[in-house]
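Chemist: Read off the chains here:
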Amino acid sequence: MHYTFKIERGNFTDAGQASSSVKRTLKQLGVDPANIKRTVVALFEAEINAVAHAYGGTIDVDIDGEKIVMVVADEGPGIPNIELAMQEGWSTASAKVREMGYGAGMGLPNIKKNTDELKIDTKVGVGTTVTMTVNLA
Amino acid sequence: MPTGEIYFKHSLRVNGYLCKGCTACMRTCPTAAIRIREGKAVISENKCVDCGECIKACPHKAIYIKQDDFGLIENYKYRVCLVPTTFIGQFDTKYKTKAIYSCLIRLGFTHIYEVEHEVARMMELYNLYMEAHPEIRTFISPYCPAVTRLIQVRFPSLVDNVIHVRAPLELASRVITKKLIDEGARPESIGVFYVTPCAAKIAAVKYPVSGKDTCVAGVINMDFLYNKVMLMLHDSDKNAQPINHTLNSRDVQWSLAGGEAPHFKGAHYAVDGLQNVLNFLERLEDEAIDAPGLVEMRICDQGCVGGVLTTQDRFVARKRLEYRARLFERLERSKIRETPPEDHTLTPQWIKDMEISEIKPRSIYKLNDNYAEAFKMAERMKKIEKALPGVNCSACGAPSCAALAEDIVRGDASADTCVFINPLSQTSKDAMKRIWGDRIKDTNKED
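So the sequence lines, in the order shown, correspond to chains A and B.
Note that the working numbering numbers the first sequence so that position 84 is 84, with each residue one more than the last.
So the mapping is simple: the working numbering equals the position in the second sequence, first residue as 1, plus 137.
Read the hints as simulated data drawn from the structure, not as lab findings.
Note that the structure is a prediction, hence the values are computed from the model and not measured.
Heads up, some of the hints might be wrong.
Subject to a maximum C-alpha distance of 20 Å in a straight line, what follows is the list of computed EDC-like cross-link-like pairs (lysine to aspartate or glutamate) [what the hints assert, rightly or not]:
#1 K503(B) <-> E66(A)
#2 K503(B) <-> D490(B)
#3 K503(B) <-> D427(B)
#4 K566(B) <-> D553(B)
#5 K37(A) <-> E272(B)
#6 K520(B) <-> D64(A)
#7 K523(B) <-> D62(A)
#8 K112(A) <-> D427(B)
#9 K520(B) <-> D60(A)
#10 K349(B) <-> D490(B)
#11 K37(A) <-> D423(B)
#12 K519(B) <-> D60(A)
#13 K67(A) <-> E510(B)
#14 K37(A) <-> E117(A)
#15 K113(A) <-> D427(B)
Just chain B, same shape as in the assembly (with noise of 0.2 Å):
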């Protein structure tokens, strides 16, 4: 029985007593990923790309993603809090970054370390593969760790257009860990906590395409740091300590929508929100659309202000961060503030860490590794198909028709779920004639 948690290697989770069988997440999944079983959604571990698309559309908040315990960070002498601006950008411009990182400390970190510190670096390691592969016409950026896993499923002919980099938050850890054990701290003592907007991260930090081992000790929600801090801002501001952060403008606005560009010399687009990116892969994989240079791609809409754990409305919390970028921007203009400078190193290890060496193609469309089989799956599914009603109404259990067709085949599903092909009663199935008309079938037949 699917009640209570239901288990996969991804970090998103069914609430059984929560979950109501609605079909609101099983209808906007970009994978079709979702089925409806025994009332209750269930999400299928290979096809899900920790998008958290479903999260956003859950009326019953049913749908959750489960987070590493906070009192963990106890277990580390250095507690370092990776911090994307996206958390600043949760916050009211009249609270001072310094104000809301001494929160963080107050919480029990000693070290916070911004994630886009490592935008040079970052910038550095894209241009290395890019310059590694002249064959290649458009890359992808490995930004958003959604991105990859979809087009690893859905377009897996263009596995290889994505830049084979680990997400920066393994730069930004291996970079701090590293000043920390050169300023004396013992490896063992350094615990570093990535503050995280989406599933996806968390994904990419448990479960990495890379297969390569994580330097972060562990992965904090962003919904429920907010919530931390944010009752000590109207707490007391009185015990702040004064932190200094040395983000420059440009990168203060890294991880919105465009946010690439501006470190980026060649042809650039930005593409994000998930039907776009859809499209734009769609197309790209036909080459229906021309596109050399670099593709940025966020699944959410705006980018990681529009991530699913963040709280704040995605264009007030972009807004926010123009806001502070502008701010920086006139300081160092006026020279109040230093322009920090941007650190370029790389050390020959980190470049090795953050490679990945083959992205894998896994492809959900597949109905089986023998060509004659799949074939011949193909074709009755052509032909279930066409005998469903094509309205898509989910009653089945599946998000589609066409999707119902495929679980037939593949032997997951029976047609005989279709309220179309088999209306429960006479009554049912005369009160439907008169909204569908010849949709609805008079006799029962599978092909």
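With the rest of the complex left out, here is chain A (with noise of 0.2 Å):
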């Protein structure tokens, strides 16, 4: 199963529909509630991410039969140095994005410990790809 959902600059409010959406077909295939929390907790912050740093972007989610993949590719900066970014608690946010509760650098570690295969295809000024896995079975 696929869907889409596309991804806007500085749109914290909205944020969240793709994980919101994506769980509810979790629950329907009756995918354990310890599954989907890391699912949908991982994408949500791949999401804001997104949100936090670039212009835009999409997200791709295929749920089959033993994995989800999300893929949450966006057009913006890019990470100059994902050692760096993987660090618990290292932010490059700004000041207005953490004033609304982001931007603790938790962010990729989060969604490293949340996932089974997590791929970073970044370019700077370009952008970035993450493509994160969680496996059912």
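Please dock the two separately framed chains into a single complex, following the hints provided.
Modeler: The following block contains the structure:
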């Protein structure tokens, strides 16, 4: 099953619709609540990352019998140093983003914690594609 | 034929004679538990959480809450009226609490016990659970039984966040029963009758989530008792006997939204009203909000004064309880009234009786136990949903197009019932096209 969502820069208020919609399907499938939680937490974090840092992008979710693959692709500044970004507490979020309660530097580490596979393709000045996989079995 | 009563394991009933099939209840139900069949509302046993929103929405008073026969109290020598302060909030502040309670005695009760006496003990039970589960970040108060049931069916991943303690009325009935036994009463001669502001609390007594026995002999609907007392208050107050009630000012407001807050030391959130509760739980489940501490949730707006069996405007009732609390506070400050001591004592038996070993998740979304089958159904459902107009007109007897799509894949409905896909005649098709445009399909196809 395939889902596509759009990401709009700076629209924190509407963020979360993708994870809510995916959550609904996973509940219909009777997926274990722990796996549902991992999936929606990772997806929400990745969406917030794109909303906060990028100029716009898309979310593509594919669900099959064994796994959930989520691809969050954005056009944005890219991540200059992935190693740093993977460290807990390291953040380049603006003051405005932090004011909204985001930007604590937990995004990518939290995604890594909640997924079985994480791939980050990034090009400075072009954009970032985050591919996350959650295995169901 | 669904005429007369339709029975299921809830306290809610549809009166088939009064129901017009108007869809008002169906559209408001938070678990999509209602369908229209043969022109009448039918409530699904497995989906209903007894929140009572359908009763509030029904313009024909066709949904009601079955209560125990009031005559039942005559079977007991000790007839305890277990009353929440919400009941007092139903009366104008010109009536003294003792005048109201004396009416209850005249109606046949021998004792009156306020549920709010258990505030301190309930808080102890909450703390015991919270201390035993340091791994849980957000605790949800078990105060509102409809919230617990809503979590079971719609947010199954949050069942462990709910404090596994039974409803306060269960503790209150045990405490008063023990008190009477200590005074020499035989256990079988004691009947505790709870005055309920809502359907959820009846369900909590009759069909508890814990699966354990209740100590409550019967449940009386608050509106029924209000009418009886109101008649007597108007009738004459001459026979009123003073009854000592010993609640302190804080406890009087326990049932109101935000009422648990003053009793809890840590971080605390008070969420009331169905839509607010749904939004909060949805976001909590996604971890889109971080709420360390205790979340108090009430399905009814303003808390129990918004219950479906209350008789007064909830804002007025709230104000009245606040007024009484302030009055108590003043009297306590000026030493006219003694501040009642808080009783925290819990017997090992009470702790055991109040414990819920497991709150079972009962997801209403799961399409099939077999993943592969569920996957096929979900795919088909997605397709059907796309083909449906998305108008949510309810003419098919389902609350929304998504619900119809689900009913179709579950084999409970057919796409023929959609008037957009299958208008009744060419004339109606043309007329509807003027309103809905392209959403009226030219060809009939299901998937």
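Chemist: Are the hints correct? Go through all of them and say.
Modeler: Status of each hint after checking the structure:
1. K503(B) <-> E66(A): 17 Å, holds
2. K503(B) <-> D490(B): This hinted pair is violated, its Cα atoms lying about 32 Å apart.
3. K503(B) <-> D427(B): 27 Å, violated
4. K566(B) <-> D553(B): 14 Å, holds
5. K37(A) <-> E272(B): 16 Å, holds
6. K520(B) <-> D64(A): 16 Å, holds
7. K523(B) <-> D62(A): Distance ~18 Å between K523(B) and D62(A) Cα, so the pair holds.
8. K112(A) <-> D427(B): 19 Å, holds
9. K520(B) <-> D60(A): 18 Å, holds
10. K349(B) <-> D490(B): 8 Å, holds
11. K37(A) <-> D423(B): 7 Å, holds
12. K519(B) <-> D60(A): Holds, at about 16 Å.
13. K67(A) <-> E510(B): The hint holds at about 16 Å.
14. K37(A) <-> E117(A): 16 Å, holds
15. K113(A) <-> D427(B): 17 Å, holds
In summary, the numbered hints that this structure violates are 2, 3.
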